[in-house]
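Participant: Model the full structure from these sequences, guided by the hints.
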Amino acid sequence: MKNYETVIGLEVHVELATKTKIFCGCSTSFGGDPNTHTCPVCTGMPGSLPVLNKKVVDHAIAVGLAANCEINRSCRFDRKNYFYPDNPQDYQISQLYEPICQNGHVDIDVDGKRKSIRIHEIHMEEDAGKLIHDEAENMSLVDYNRAGVPLIEIVSEPDMRSAEEVIAYLQKLRTIIRYLGASDCKLQEGSMRADVNLSVREAGTEKLGTRTEMKNLNSFKAIARAISNERQRQIDIIEAGGRVIQETRRWDDTKEESFSMRSKEDAQDYRYFPDPDLPGIFISREWIDEIKASEPEFKDEKKRRYVSQYGIPEEDADIITDSKHMADIFEETARLCGQPKKAANWLMVDTIRILKELSKEPEDITFAPENLAKLIKLTEAGTINSSVAKEVFEKVFADNIDPEKYVKENGLAQENDESALREAVQKVIDDNPKSVADYRGGKEKAIGFLVGQTMKAMQGKANPGIVTGLLKELL
Amino acid sequence: MLLTNKTALELGKLIRAGEVSCVEAVSEFLDVIKEKEPEINAFITVCEEQELKKKALEVQKGIKTGELTSPLAGVPVAIKDNICTKDVRTTCASKILADFVPAYTATAVRRLEEAGAIVIGKTNMDEFAMGSTTETSFFGAVKNPHDITRVPGGSSGGSAAAVAACEVPAALGSDTGGSIRQPAAYCGVTGMKPTYGTVSRYGLIAYGSSLDQIGPIARDVADCAAILETISGKDKKDSTSLNRTDSDFTSALKTDVSDLKIGIPSEYFEEGIEADIKGNVLAAAESFRAMGARTEFFELGLTKYAVPAYYIIASAEASSNLSRFDGVKYGYRTKDYKDLHQMYKKTRSEGFGAEVKRRIMLGTFVLSSGYYDAYYMKALRTKALIKQSFDKAFEKYDIILGPAAPGPAPKLGSSLSDPLKMYLADIYTVSANLAGLPAVSLPCGKDSEGLPVGMMLTGNRFNDKAVIRAAYAYEQARD
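Protein chains in written order, with numbering that gives the first Met the number 0: chain A, 0 to 474; chain X, 0 to 478.
Calculated directly from the structure, the hints in this document are not laboratory data. We put the CB at the ideal spot given by N, CA and C, even for glycine. A few of these clues could be false.
Dumping the calculated DSS-like pairs for lysine-lysine here, alpha-carbon to alpha-carbon at most 30 Å [as the list claims (entries may be wrong)]:
#1 A/K18 with X/K328
#2 X/K328 with A/K53
#3 A/K394 with A/K455
#4 A/K53 with X/K233
#5 A/K214 with X/K344
Chain X regions said to be covered by chain A (calculated; three or more residues, Cβ under 8 Å) [to be verified]:
#6 142–155
#7 313–323
Here are a few chain X residues that sit away from chain A, every Cβ distance over 10 Å (derived from the structure) [to be verified]:
#8 E9
#9 V22
#10 N81
#11 G202
#12 K235
#13 D417
#14 P418
#15 K445
Facilitator: See the structure below:
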């Protein structure tokens with residue numbers, strides 16, 4: 000078999016984190032009853048008109064700048080005409096002829112190598128509503144709560160060659176966009192959606208093969224599986240002497256295969272034309288400068304700084320800076336307790352473990368840096384021992400409790416008083432003659448059991464260092 | 000006292016002076032409507048009498064307490080049925096919206112109501128404002144009050160006929176290619192389309208969004224100016240509305256035109272125009288000269304391209320604007336269908352009339368891949384060139400004077416059989432929409448059969464006041 004190269008370009012839709020919709024004042028928040036976040040504009044009522052939400056342009060410019068794009072000083076909206084019930088006007092307001100950003104790139108690191116992925120354009124558009132099919136009643140219902148939620152579509156050039164590069168690119172975009180606060184970029188919830196355009200060609204050839212577009216990819220794992228599957232499907236067709244058809248396919252992640260949605264032949268003619276209801280947008284130099292000036296410190300810069308300023312390992316800095324939210328918690332905690340390495344450790348180990356257990360993301364952390372800092376201080380001062388600290392941290396993570404108050408109210412401060420501990424240790428020695436004999440017989444490890452028994456007797460509050468010292472002394 | 004022959008401002012004055020009550024005014028007009036509607040059919044919906052009287056009492060109270068000081072307070076008005084009115088059905092004269100009741104009121108209507116005007120009903124029109132005769136209405140044709148065998152013009156034929164028949168002192172119309180000015184001319188009343196963006200389009204059910212403007216139809220120029228002053232102004236719900244600081248249009252009601260330079264496009268009088276129209280319009284030019292204005296014939300240029308450019312742009316926008324009437328959310332839905340596609344197809348086939356379907360198909364075609372550049376883009380370039388030729392003309396002239404239509408109102412049933420001929424009759428009016436210009440049409444005599452003849456005065460963008468002043472001065476000299 001010949002050696003094939005996979006060529007991939009991405010169309011990434013990102014739901015912007017504005018309070019209100021792109022063309023009306025309705026809320027963009029999730030979870031309302033159907034058609035409660037709607038008005039004449041976003042339900043396509045006769046005579047209603049769109050009015051652009053400036054915040055959408057702010058976000059689009061910010062993402063464009065972060066992705067090294069040229070910002071088009073003059074851009075406008077076009078109508079994409081197609082009939083579907085989730086589309087209240089039966090046209091979607093989008094940008095075709097004059098998108099807001101063009102010719103950018105982002106750099107990704109895969110296998111220690113840096114690569115630049117070019118961005119063809121970024122454009123603004125509105126989301127559609129949601130169709131709910133009621134099989135029992137044999138009817139379909141439409142919920143327009145999502146109709147008019149602002150999106151940007153980021154279109155890359157076909158610069159990626161593997162699933163690893165695709166995922167690195169998506170993670171890079173996600174990190175940038177989250178740092179900007181422009182979106183929470185959740186694939187599972189659909190606030191970030193990636194369509195994969197993929198073709199294969201014989202390695203070493205220039206000409207691009209016929210591509211397919213893959214939709215319905217809801218996780219990085221699904222994307223990786225879909226890429227590997229589609230690559231093989233196309234190679235099989237070519238090897239069998241067939242031709243790949245240009246089409247849109249839908250990935251079914253449970254079946255691990257894709258299905259044809261529509262071929263190019265039945266592609267619709269969207270009859271794009273400039274939307275006469277929306278005047279052109281003129282973006283001044285000052286507007287761009289203002290957004291540039293308010294850019295946050297992005298991940299790469301921040302990571303370098305953490306290594307040099309706080310002396311934490313690069314690997315840790317990399318993980319902490321993946322999320323701006325976590326990085327912010329880290330810095331504030333470090334500032335409050337003066338123990339950056341301890342702060343990093345709580346985040347790297349316990350926080351990430353709990354997040355994983357709960358299938359949550361760093362963005363979901365709700366505790367205040369003050370409380371983590373207090374916990375670190377309590378531990379450092381010897382007020383609580385490390386096992387109590389872990390227990391308290393669980394409460395900090397879950398309920399954002401004040402550790403000082405919590406330790407006090409629950410009597411968790413550790414017992415550091417030797418005379419008080421001596422009694423407990425003596426009782427453990429008396430009650431466990433076998434372990435005592437083992438220890439005395441040279442089994443050093445037996446002391447661990449005795450320490451544990453003492454801790455248990457003290458409800459975990461004993462200072463383990465003092466207990467060990469006392470045991471050694473009394474034995 | 001006979002109230003129904005009064006102008007809106009005259010009536011408003013009587014009401015504010017306490018000589019006439021709002022309820023009396025409403026009742027008198029309702030009586031005329033009851034008497035004339037069987038013949039004229041200017042209204043699709045007349046508001047419920049009890050509701051109207053309740054509203055009239057409220058307005059009366061507002062006038063008494065001094066809350067309502069507008070010269071239009073208490074004056075009944077009619078609204079073209081493509082302008083949304085909360086709780087009052089708004090049909091666009093189409094089967095597809097025959098039972099549609101909007102949940103909100105258009106900005107222009109809201110402003111009229113806030114001034115104390117009383118919306119008495121919704122006027123008949125060509126379906127979705129597509130037509131020049133008001134014969135394409137699902138609710139039947141409107142008759143011209145001057146000769147009921149003739150059309151009132153269109154598409155705001157109901158508004159023009161209602162004013163001409165004294166069913167209402169004034170009405171709102173909408174003008175995409177002449178739909179206010181041409182019916183005003185056919186019905187012997189005054190109608191004005193302001194500079195594009197002067198009146199909010201929020202709540203106007205769109206036909207050609209880049210061309211549509213709401214404007215007044217009334218018995219004289221002063222009424223038009225007063226209504227325009229009331230309904231104009233920046234609306235944050237319409238991004239294309241303008242923030243004008245010069246919308247005190249009634250301040251332009253002056254009779255001195257000695258400083259005005261009036262250009263008359265010679266090509267307007269060369270072919271296709273009827274002798275009676277030409278004679279009356281040129282006589283009006285003579286009146287302006289007599290008042291001290293300078294008039295001059297000139298070559299405007301590009302006139303013959305205006306109608307094709309207009310029909311391409313308006314139809315293209317309409318094909319997209321009318322997509323939302325799909326049977327899903329509101330309005331007519333076909334009875335039997337197997338699937339979504341068939342529901343769309345049957346709903347729209349049954350719900351729209353022939354003229355609307357013709358324009359949707361035309362507009363869909365000109366936007367189609369492969370034809371976009373050849374038609375739509377070319378039409379946009381033509382529009383830009385037409386605008387330039389007007390810019391050039393307005394370097395020399397304050398006002399351009401011409402006819403509103405090449406002939407008088409046609410006989411009922413004579414137009415729709417030859418749509419191309421009907422489209423070409425829009426030659427004098429469409430340019431003002433393409434170039435976004437203010438233009439007024441007002442009576443300038445009668446033809447040999449006694450039918451009204453209208454002339455049209457067009458001004459430069461934002462120079463609505465020059466148009467109002469010239470029209471007012473002519474009107475004062477004429478009467």
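Participant: Each of the hints needs a verdict: does it hold here or not?
Facilitator: Against the structure, the hints:
| no. | hint | result |
| --- | --- | --- |
| 1 | A/K18 with X/K328 | 26 Å, holds |
| 2 | X/K328 with A/K53 | 29 Å, holds |
| 3 | A/K394 with A/K455 | 21 Å, holds |
| 4 | A/K53 with X/K233 | 18 Å, holds |
| 5 | A/K214 with X/K344 | 28 Å, holds |
| 6 | 142–155 | violated (count 0) |
| 7 | 313–323 | holds (count 6) |
| 8 | E9 | 32 Å, holds |
| 9 | V22 | 31 Å, holds |
| 10 | N81 | 8 Å, violated |
| 11 | G202 | 4 Å, violated |
| 12 | K235 | 7 Å, violated |
| 13 | D417 | 29 Å, holds |
| 14 | P418 | 23 Å, holds |
| 15 | K445 | 37 Å, holds |
Violated hints, in rising order: 6, 10, 11 and 12; the structure is consistent with all others.
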